[in-house]
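A.B. asks: Following the UniProt record's numbering, the numbering of the sequence shown begins with 1 at its first residue and continues without gaps.
It is possible that some hints are incorrect.
[Claimed, not checked] In silico DSS-like links for lysine-lysine, alpha-carbon gap of 27 Å or less:
1. K231 with K53
2. K3 with K231
3. K30 with K225
4. K3 with K289
5. K154 with K268
6. K231 with K98
7. K53 with K3
8. K352 with K385
9. K385 with K98
10. K30 with K53
11. K390 with K231
12. K352 with K30
13. K3 with K98
14. K352 with K53
15. K289 with K98
16. K154 with K289
17. K385 with K53
18. K98 with K132
19. K390 with K98
20. K98 with K53
21. K53 with K289
22. K385 with K30
23. K98 with K352
24. K289 with K30
25. K289 with K268
26. K18 with K30
27. K390 with K352
28. K154 with K132
[Stated by the list, open to error] So the derived label-pair ranges between C-beta atoms look like this:
29. N335 with K268: 17 to 25 Å
30. E206 with E128: 45 to 53 Å
31. L333 with D407: 36 to 44 Å
32. S224 with K3: 29 to 37 Å
33. G198 with D318: 44 to 52 Å
34. G290 with H55: 37 to 45 Å
Simulated from the structure, these hints should not be mistaken for laboratory data.
Don't be surprised by glycine CBs; every beta carbon is placed ideally from N, CA and C.
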Amino acid sequence: MQKFSGFELFRRALGGHKSWQPQWRNPEPKAEYDVIIVGAGGHGLAAAYYLAKEHGITRVAVIERGWLGGGNTGRNTTIVRSNYLFDESAALYEHAVKLWEGLSQDLNYNVMYSARGVLMLAHNHHDEISFKRHVHANRLNGVDNEWLSAEQVKEFCPPLNIRSMRYPIIGGALQRRGGTARHDAVAWGFARAADSRGVDIIQNCEVTGIRRGPSGAVEGVETSKGFIRAKKVGVSAAGHTSVVMAMAGVRMPLESYPLQALVSEPVKPAFPTVVMSNTIHAYISQSDKGEMVIGAGTDAYTSYSQRGALHVTTHTLDAICELVPQFRRLRMLRNWGGIVDVTPDRSPIIAKTPVPGLYVNCGWGTGGFKATPGSGNVFAHTIAKDEPHKINAPFTLERFRDGFLIDEAAAAAVAH
1 MQKFSGFELF RRALGGHKSW QPQWRNPEPK AEYDVIIVGA GGHGLAAAYY LAKEHGITRV
61 AVIERGWLGG GNTGRNTTIV RSNYLFDESA ALYEHAVKLW EGLSQDLNYN VMYSARGVLM
121 LAHNHHDEIS FKRHVHANRL NGVDNEWLSA EQVKEFCPPL NIRSMRYPII GGALQRRGGT
181 ARHDAVAWGF ARAADSRGVD IIQNCEVTGI RRGPSGAVEG VETSKGFIRA KKVGVSAAGH
241 TSVVMAMAGV RMPLESYPLQ ALVSEPVKPA FPTVVMSNTI HAYISQSDKG EMVIGAGTDA
301 YTSYSQRGAL HVTTHTLDAI CELVPQFRRL RMLRNWGGIV DVTPDRSPII AKTPVPGLYV
361 NCGWGTGGFK ATPGSGNVFA HTIAKDEPHK INAPFTLERF RDGFLIDEAA AAAVAH
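Work out the full structure, taking the sequences as your base and the hints as a guide.
C.D. replies: Right, here's the structure in full:
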């Protein structure tokens, strides 16, 4: 893998930048692999990378029906945080944040991780009690989180309107290590690093079936480019996970919903942090290009469409305009949607399945991007060892049967 550095940039500039190599190959699929990952989003690519790096499994194919990073990885609002309420969730997301902090160096690729802080606003007494509970629970788990008064919120993020609004701001919970990363760079960085270790990334190759042998174990996948044999298959297909898993006869406790986001025209730096509000149902940050990145909750209906209802985004913009009045004259540039897969307890599934050799990583709802490196890391361990890592051990399919739920539905900010 060619190394990126300031010196290398200067050296190649002397040759007119004509000697750069493609960042990853575009191979045709082999007849057989040790592991196949279905889905070339952040989670699937990360799993392939860690399989190769930490477990020495390099005969891996990542199969994507579209283009690399074209699903939810390239359609989210790029927020990174770990201030979840329950011990199991906090451990998983904190594992991810620790990997985020050194990810650019690990991949030799700038993922543009920016620890600008994530500020969750409280607008009423219930919000205040809930977030203070989060603060105390996080501290017990070694996760940074602190309570700010309304005046401290205003000092930390001056553009906020804390008083003259329908739901005045009475305080907020701040995780200073939270922030954002560049979604495309994350996908590209993991793809480049995985490819350099021998992983085949096969784009425009749709999985049409999962073949099982007489014993019930996985034998491989049927694709639009033919049958590919593998004894282990990991599914990381976000909103289409239930469709893919049904090919193996596994019914998943998932519902898929559209989730919308939009960005404004670019402006000079004006918003220093990530702000989330559950009460008025909106969140906002400013990208490195200057655009205001705005997100809402999921649409109310289930769908596999990558677009949602207009009233959802207009409601969100109403909330943003009240929260930050100076943004009322901003024009919106783009609006898009992704497909999120949601479990009954709003926590993910990273686990073995009843089918031998079949593994699944799904159910992230609106919180998948922030977990990308941590999710890929523990999913790779689960596939390689055929048993869960201690961090993802609670996130099994069986918890819905046995009643050991990790109920982040009300505990998490906004939709998840």
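A.B. asks: Next, verify each hint and record whether it holds.
C.D. replies: Status of each hint after checking the structure:
no., hint, result
1, K231 with K53, "holds, 20 Å"
2, K3 with K231, "violated, 34 Å"
3, K30 with K225, "holds, 10 Å"
4, K3 with K289, "holds, 25 Å"
5, K154 with K268, "holds, 20 Å"
6, K231 with K98, "violated, 32 Å"
7, K53 with K3, "holds, 17 Å"
8, K352 with K385, "holds, 11 Å"
9, K385 with K98, "holds, 23 Å"
10, K30 with K53, "holds, 21 Å"
11, K390 with K231, "holds, 24 Å"
12, K352 with K30, "holds, 25 Å"
13, K3 with K98, "holds, 23 Å"
14, K352 with K53, "holds, 21 Å"
15, K289 with K98, "holds, 25 Å"
16, K154 with K289, "holds, 24 Å"
17, K385 with K53, "holds, 14 Å"
18, K98 with K132, "holds, 23 Å"
19, K390 with K98, "holds, 16 Å"
20, K98 with K53, "holds, 17 Å"
21, K53 with K289, "violated, 33 Å"
22, K385 with K30, "holds, 24 Å"
23, K98 with K352, "holds, 25 Å"
24, K289 with K30, "violated, 40 Å"
25, K289 with K268, "holds, 9 Å"
26, K18 with K30, "violated, 31 Å"
27, K390 with K352, "holds, 14 Å"
28, K154 with K132, "holds, 18 Å"
29, N335 with K268: 17 to 25 Å, "holds, 23 Å"
30, E206 with E128: 45 to 53 Å, "holds, 49 Å"
31, L333 with D407: 36 to 44 Å, "holds, 37 Å"
32, S224 with K3: 29 to 37 Å, "holds, 35 Å"
33, G198 with D318: 44 to 52 Å, "holds, 51 Å"
34, G290 with H55: 37 to 45 Å, "holds, 41 Å"
Consistency with the previously given hints fails for numbers 2, 6, 21, 24, 26, ordered from lowest to highest.
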